[in-house]
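S.K.: Let the sequences and hints guide you as you build the complete structure.
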Amino acid sequence: MTIRVLLADDQALVRAGFRSLLARSRSHDLVVVGEAATGEEAVRLATTTHPDVVLMDIRMPGMDGITATRHIVADRAIPGCRVIILTTFDTDEHVFAALRAGASGFLTKEVEPGELRRAVAAVAAGDALLSPGVTRRVVEQFAHRQGPAPVARERLTALTSREQEVVRLVALGLSNDEIAARLTISPFTAKTHITRAIAKLDVRDRVQLVILAYESGLVRPGDAS
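Under the numbering used here, the first residue of the sequence shown carries the number 20, and numbering increases by one thereafter.
The calculated lysine to any residue pairs, modelled on SDA-like cross-linking and capped at a C-alpha distance of 20 Å, are:
id, residue 1, residue 2
1, Lys219, Ser180
2, Lys219, Gln183
3, Lys210, Leu178
Cβ-Cβ distance ranges computed for the label pairs, FRET-style:
id, residue 1, residue 2, range
4, Asp196, Thr176, 23 to 31 Å
5, Ala93, Lys128, 19 to 27 Å
6, Arg43, Arg78, 23 to 31 Å
7, Thr176, Glu134, 36 to 44 Å
Since the hints were derived computationally from the structure, they do not count as laboratory data.
Glycine included, each C-beta is placed from N, C-alpha and C at the ideal position.
M.R.: Take a look at the structure:
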């Protein structure tokens with residue numbers, strides 16, 4: 020399977036480095052289909068090159084990576100396109116904004132080559148939560164600032180009590196297998212509950228489930244898994 024990747028970063032040297040790292044993949048056929056130096060260019064190239072994954076820098080001149088992400092994930096012409104945010108620090112507040120905008124995960128620019136290639140392959144396959152622990156920490160750090168939102172709480176009423184429990188465990192960073200063990204169900208059943216919750220809540224992926232769980236108050240900062 021060929022995975023098409025678009026690189027978006029205002030530094031040509033950074034783009035060249037990521038292109039080189041992706042080209043070394045042995046287990047996946049990763050092909051860079053375009054390079055963008057601005058958010059506007061990233062949006063334009065995404066609509067013309069139809070990448071599976073966009074590696075998106077947050078801070079670029081003009082349209083930033085957050086706005087570009089929002090445009091790309093909302094484009095019905097490229098429904099399968101997913102965005103991985105690139106950042107210097109995993110505590111960057113902009114990372115949370117990018118996740119809310121629809122990014123499927125994030126990586127720091129100091130990522131190891133093997134981890135980068137695995138992350139791209141995972142996101143292309145639909146596995147949104149790249150690093151549950153780190154993603155949870157970022158969401159937890161910033162989501163609680165506004166407190167639980169009534170609209171988010173209302174959305175959760177569409178779920179059964181079991182589906183809400185599964186969403187809570189997803190937000191706490193548990194994998195499908197760990198959720199299955201906790202609830203004494205099969206991993207397939209756990210995955211089915213997650214898929215149904217995503218559909219009922221009309222969210223893009225597991226990352227969006229995590230954000231909604233915190234914004235609704237279903238999970239609160241400091242909750243233990």
